[in-house]
Amino acid sequence: MFGWEFPPHISGGLGTACYGLTKALLKQDLDLLFVVPKAYGDEETDTIRLINASEVVINTRDEQYARLMSRLSYITIDSTLIPYAGDEEYYQITSQLDQGTSLEKLILNTQKFEFAGGYGKNLMEEVRRYALVGAEVARQYQFDIIHAHDWLTYLAGIEAARISGKPLVVHMHATEFDRSGENINRQVYDIESVGMEAADMVIAVSNLTRNIVISRYGISPDKVVAVHNGVEPSEFATYGRFEKSVDDKIVTFLGRITFQKGPEYFIEAAYKVLKTNNQVRFVMAGSGDMFRKMIRRVARLGISHRFHFTGFLRGEDVDRMFGMSDVYVMPSVSEPFGISPLEAMQSNVPVIISKQSGVAEVLKYAIKVDFWDIDAMADAIHGLLHYNALPEMFKRHGKAEVEDLKWDHAGKKVKNIYFELLNR
Amino acid sequence: MQEKKSKTYTSSYSTDKISGIMKSISLYFQVHQPFRLRTYRFFDIGNKHNYFDEYSNRVAIQNAAFKSYLPANEIMLGLAKKHGEKFRVTFGISGIALAQLQAYAPEVLDSFRKLADTGCVEFLGETYAHSLAAIKSHAEFTRQVAKHSDAIESLFGKRPTSFRNTELVISDEIAGIVADMGFKALVAEGAKHILGWKSPNYLYCSTMYPKLKILLRNFPLSDDLSFRFSEQNWIEFPLTAEKYLHWLMNLNPADELVNLFMPYETFGLYQPASSGIFNFLNAFVDQTIASGNFAFSSPSEVAENHQPISGVSFPFPVSWADEERDLTSWLGNDLQKEALNKLHQFEDMILKCKNAAIIQDWEKLQTSDHLYYMSTKWFSDGVIVRNSSPFSSPYDAFINFMNCLSDLMLRVESACNEADTAGNFLLKTKTLKQTSQKAAQVKALKNSASAKQKKARRII
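Residue numbers (this note's numbering), protein chains in the order written: chain Z, 9 to 432; chain A, 344 to 803.
Check each hint, because a few of them may be wrong.
[Unchecked claim] To give a feel for the contact side, a few chain Z residues facing chain A, derived at Cβ under 7 Å:
| # | residue |
| --- | --- |
| 1 | D387 |
| 2 | M401 |
| 3 | F427 |
[To be verified] Each pair of labels, with its calculated beta carbon distance range:
| # | chain 1 | residue 1 | chain 2 | residue 2 | range |
| --- | --- | --- | --- | --- | --- |
| 4 | Z | E369 | A | A597 | 38 to 44 Å |
| 5 | Z | A408 | A | E647 | 51 to 57 Å |
| 6 | Z | S188 | A | A699 | 54 to 60 Å |
| 7 | Z | V254 | A | N684 | 26 to 32 Å |
To be clear, the hints were calculated from the coordinates, so they are not data collected in a lab.
A virtual CB, placed ideally from N, CA and C, is assigned to each residue, including glycine.
Let the hints inform the model, and build the full structure from the sequences given.
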């Protein structure tokens, strides 16, 4: 299994989802090798065999290798990009570059590649390098199925499949259209396309994503299956509710402050609610490229005294935030799945989710609105704050509903897909 | 059971003609359309008081009028003229539907009036607002029933003597109130869990209020028309008048009644005109009368001409909805209960402030359909079977309804405050008058006393 991140070093839902699915698959009596670009050493490895791609030695003398590099060269972006390789090495490389050594040669001579593992500016190079690791892993280890999570790992998956001849499953956690709207990154789109074309089976995290895969990437519907994500049972519930320090009701947005998450719609809805109600506060938790723009918008609307930004929250602070919240809103413009409303529901917080989210397909005890319909969103917030029967009902049934969305269900489905592929 | 029916159908029914008593057939049709709510946001609360979607209400009632009510009435009128005394048909038209017809399709009221003039028609009493007030408030229930009876009387010249409650909701308690209001007969669902082994094809009476006769709906035969008539994979498709009449002829010879109760929209809406339902209706009535085995009767006539065979008791409310025949479609979840509670919480204030516009809006909000839209009953099946709900989810329906109700509450409070200040003024003047009267009396007493004293002195 090829992934890009693994708990606790995660920056989004991908790591969480991979972790949940991995554990569920282990319960299904499957042996897993999980490859990540960079392991930090504090991951949970007692049940999962984690392979650190940065430790994989690549035999650069292999003639396959050279061929591979040339095959992969189409994804090489701006030639000034230098792989991140520790300060010292970086200095060496740049100084040698100045002396006229070709970049290609330098990369080829590096046997181990130090992956940054995040989403830095050399992402494309890392993705390409990761593909080499994929090929090497395929050579060194025994396995029956290759499962690659999101476009970052697709090339690695393809290479591993080519070397080993084993079936390839690619997992669509998010498409480029979810991340960037219509202004897609062509290179990313191409990798996604190539990955899904090469795959024997494509798993999409929702029907919403499945439809995008079929309509926007032209993948045959026969080989695209929707497997809804699950949610980890939360330990938080046993702590009880955190006391909040203000009497006002609190309405929360929690997530990356990016185009995809629709933060501006949350602000406009907040403005509408605040016009008639001053017993409520709004919180936007998270960070992202629209962070400053959002602060400016809130200031311009003149609601800063009731609209608060917390910055990025992690771990217990997230639980705390949920504990203080009376309503959780996820106004995502495009959300392949969306785990955060499930976490809110586990903390007994009623949720409003956009109809443009995969999670809307599986939830019944949630209010669903179009992300652009700020009137409906404001009305739903008002309704949850004022008409007690509604939040009470959500609290009573919501938690049970979420608890039923187990990773085990996803695990079983994925296992069936594996066996179906193996029996072909 | 149904296979058996089809087999026997091949033999001509004239040969196995049933001797014995003539069975009574009651045709009863419900006419109702709710005032649908518009999308009413919380920022409208206190600002706007128009809760209803005039456009969609007009479209809905006119659609029903032109596709169903008018053509069906035309046929009924033809049958009444042709068969005169021998034909009977019964309608239950909610007050809310009357109001909408008046506003958007008055020609339908005219045609009902024409039908009424033939003398072949009985109109049933019910709650004016097609509400579930019977469950919640005795006082509001009786007020609405009286209001509805007034409306029917003024439109069609006759006060209802038989009753049907909203969605045929009935319990022993409700039967008691209905009996107290002077109704002779009641129309109810022939629910299996109430009847047990008994047949709906007899007249019953309420166990607790034996004076109240109860007609029970024969739901398989009724649903054959309203649900299954045009269903092509139904084993009995196509259903002809001959076949249907044949089923009726093959009922137990001792049975006395056949109660066919259904929504009037069955004709032309649930079963589109293209299915042949109108021709069926015409042919069925003609042939039934021609067969000489059945007498069309209205519920009141049935109650008069038949003897109740036994008592029947409804310890829990029963309706004609769903497989369960209970209230869960309207009061199955907390949202619905909350909405109904809040609806009646301010009942006394609303009626006291005597503001016609407020009372009217309150009645329109009481219509059971609004609660029906909040049902989450079908969640467990994974499908939301919501015919004609204008809302995308039960939660939207609830929030929208509560927004409207919140605004109504504000209006009630302000109207009551005005009324209160006016009332206080009256009260004050009254007490002032009283005190001055008392003072005068005291004075008079004193005077008389002193006069007596004077008298006494004189005597002495």
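Status of each hint after checking the structure:
Satisfaction of the interface hint for Z:D387 is found here, the shortest Cβ-Cβ separation to chain A being roughly 5 Å, below the 7 Å cut-off. The restraint placing Z:M401 at the interface with chain A holds, with a minimum CB-CB distance near 5 Å, inside the 7 Å limit. Because the beta carbon of Z:F427 sits about 26 Å from the nearest beta carbon in chain A, more than 7 Å, this interface hint is broken. The given range of 38 to 44 Å is broken by Z:E369 and A:A597, whose C-beta atoms sit roughly 55 Å from each other.
Between Z:A408 and A:E647 the beta carbon distance is about 55 Å. The supplied range of 51 to 57 Å therefore holds. For the hinted restraint 54 to 60 Å between Z:S188 and A:A699, the CB-CB distance of approximately 58 Å keeps it satisfied. One distance hint, 26 to 32 Å for the beta-carbon pair Z:V254 and A:N684, holds here, with the actual separation near 30 Å.
Hint check: violations occur at hints 3 and 4; the rest are consistent with the structure.
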